[in-house]
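> Single-letter residue listing:
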Amino acid sequence: MIRGALGKTFRLVGYTIQYGCIAHCAFEYVGGVVMCSGPSMEPTIKNSDIVFAENLSRHFYSIQRGDIVIAKSPSDPKSNICKRVIGLEGDKILTTSSSDFFKSHSYVPTGHVWLEGDNLQNSTDSRYYGPIPYGLIRGRIFFKIWPLSDFGFLRDSPNGHRFSDD
Amino acid sequence: MAQSQGWVKRYFKAFCKGFFVAVPVAVTFLDRVACVARVEGASMQPSLNPGGSQSSDVVLLNHWKVRNFEVQRGDIVSLVSPKNPEQKIIKRVIALEGDIVRTIGHKNRYVKVPRGHIWVEGDHHGHSFDSNSFGPVSLGLLHAHATHILWPPERWQKLESVLPPERLLVQSEEE
Numbered sequence: 001m002i003r004g005a006l007g008k009t010f011r012l013v014g015y016t017i018q019y020g021c022i023a024h025c026a027f028e029y030v031g032g033v034v035m036c037s038g039p040s041m042e043p044t045i046k047n048s049d050i051v052f053a054e055n056l057s058r059h060f061y062s063i064q065r066g067d068i069v070i071a072k073s074p075s076d077p078k079s080n081i082c083k084r085v086i087g088l089e090g091d092k093i094l095t096t097s098s099s100d101f102f103k104s105h106s107y108v109p110t111g112h113v114w115l116e117g118d119n120l121q122n123s124t125d126s127r128y129y130g131p132i133p134y135g136l137i138r139g140r141i142f143f144k145i146w147p148l149s150d151f152g153f154l155r156d157s158p159n160g161h162r163f164s165d166d
Numbered sequence: 001m002a003q004s005q006g007w008v009k010r011y012f013k014a015f016c017k018g019f020f021v022a023v024p025v026a027v028t029f030l031d032r033v034a035c036v037a038r039v040e041g042a043s044m045q046p047s048l049n050p051g052g053s054q055s056s057d058v059v060l061l062n063h064w065k066v067r068n069f070e071v072q073r074g075d076i077v078s079l080v081s082p083k084n085p086e087q088k089i090i091k092r093v094i095a096l097e098g099d100i101v102r103t104i105g106h107k108n109r110y111v112k113v114p115r116g117h118i119w120v121e122g123d124h125h126g127h128s129f130d131s132n133s134f135g136p137v138s139l140g141l142l143h144a145h146a147t148h149i150l151w152p153p154e155r156w157q158k159l160e161s162v163l164p165p166e167r168l169l170v171q172s173e174e175e
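Chains as they are written, first to last, in the UniProt record's numbering: chain A, 1 to 166; chain B, 1 to 175.
I should point out that these hints are in silico values taken from the structure, not numbers from a laboratory. Nothing false has been slipped in among the hints.
Ranges between beta-carbon positions, derived for each pair: (1) Phe-10/A x Phe-19/B: 16 to 26 Å; (2) Val-27/B x Arg-11/A: 21 to 31 Å; (3) Glu-86/B x Gly-32/A: 17 to 27 Å; (4) Pro-165/B x Trp-146/A: 54 to 64 Å; (5) Ser-149/A x Gly-74/B: 52 to 62 Å; (6) Phe-129/B x Gly-20/A: 33 to 43 Å; (7) Leu-150/B x Lys-8/A: 30 to 40 Å; (8) Lys-8/A x Lys-13/B: 21 to 31 Å.
Which stretches of chain B does chain A cover? Using the computed rule of at least three CB atoms under 8 Å from a CB of chain A, they are: (9) 84-98; (10) 110-119; (11) 139-153.
None of the values given here were measured: they were computed from a predicted structure. From the three backbone atoms N, C-alpha and C, an ideal C-beta is built for every residue, glycine too.
Please build the complete structure, drawing on both the sequences and the hints.
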C-alpha cells in the first residue's frame, strides 16, 4: 500500500515537472496571455484588459516602431510595464511636449528603445526614465481577447505625431 | 507484415513521448537552473581568461541564484549587453543601488547608482567595455551568476566574490 502511494506521488511530481517545463517553454519562446493594469495605455488597452502577447519578435529582433511591448521595468526588475515603441536605436526623439515653444530632441542610443504610453497625460515612460535597453523587452502584444466588445487586433497609436518623420 | 508495422508504430509513439518530455525539461533546466558558457575576451583578466586567446575558460552560470535579482558586491555575473541585445557580457558587480562609485573614464567623476540598477566593471581596467562606458545597468538585464570555472581542468576553482579595493566610494546604508 505504501509502495502504491509512493508510486502515485512520484508520478504526480513527474507530471507536474513535465507540464511546468512545457509551460515555461511556451511562455518563454512562443507567447502567453497577459492581464494589463493601469491607465497608461488608454484608450488602446484599458485597466484589467486581457491580451495575448507573443515572444517570437523579441527572439528574432523584429520589434518595430508602433509595436506595443511588455518590458521589465528599469527601476524594478520584478514588475512589467506595457508601452508602445516610439523610437528604435538611432531615431530622433522629441523629448519635450509638442506644445512647448523650445523643443529639444535627442537620439536613441544603440541597443535601446524609446517607449511611451498612449495616454500621454497619465503615463510614466521614457519621457521620465529615458530610453531602455532592448534586452528588457519581454514580448509584443498584438491581440486583445477581453473585453469581448473590443476583441481583435490592436489599434494604431492615437499619437501619430510623436513618431519621427525621417 | 502486420507485426513489424506494429513495432514501428510503437517505437514512434515512444520516441514522441520521450521527445516531448526531454526537450522542455532540458530547455527549462538550461534557462532557469544552470548552464555553461565559454568566456571570450580579456576584460576580466586575471580572474578569467588569463591566457588570452590561447585558452578560453568555461564557466558554470547559475541562473537559480539570481532568480530574485539578488546579487552581492564582488559577484561575477553575466548580463545582456545594454548596447547589443544579442550579446552577453560577463563582469564583476562593483556597486548596488544607492552606492556612490568613483568612476574611471566615465563622463561624470562620481555616479550614484539609481534604484533597480547595478554598476559592473571588468577586472582588467582599460580593456573592458563596462559601466564606465555605458553607465549603470538595469537589474532586469541580469542573466546569471558565474560561480565556478569548469575548464581547463588545471583552472578548476570556485570564483570568489571579492570586491577590488578602493573601487567603491560610499556604500549605501541599507542592509
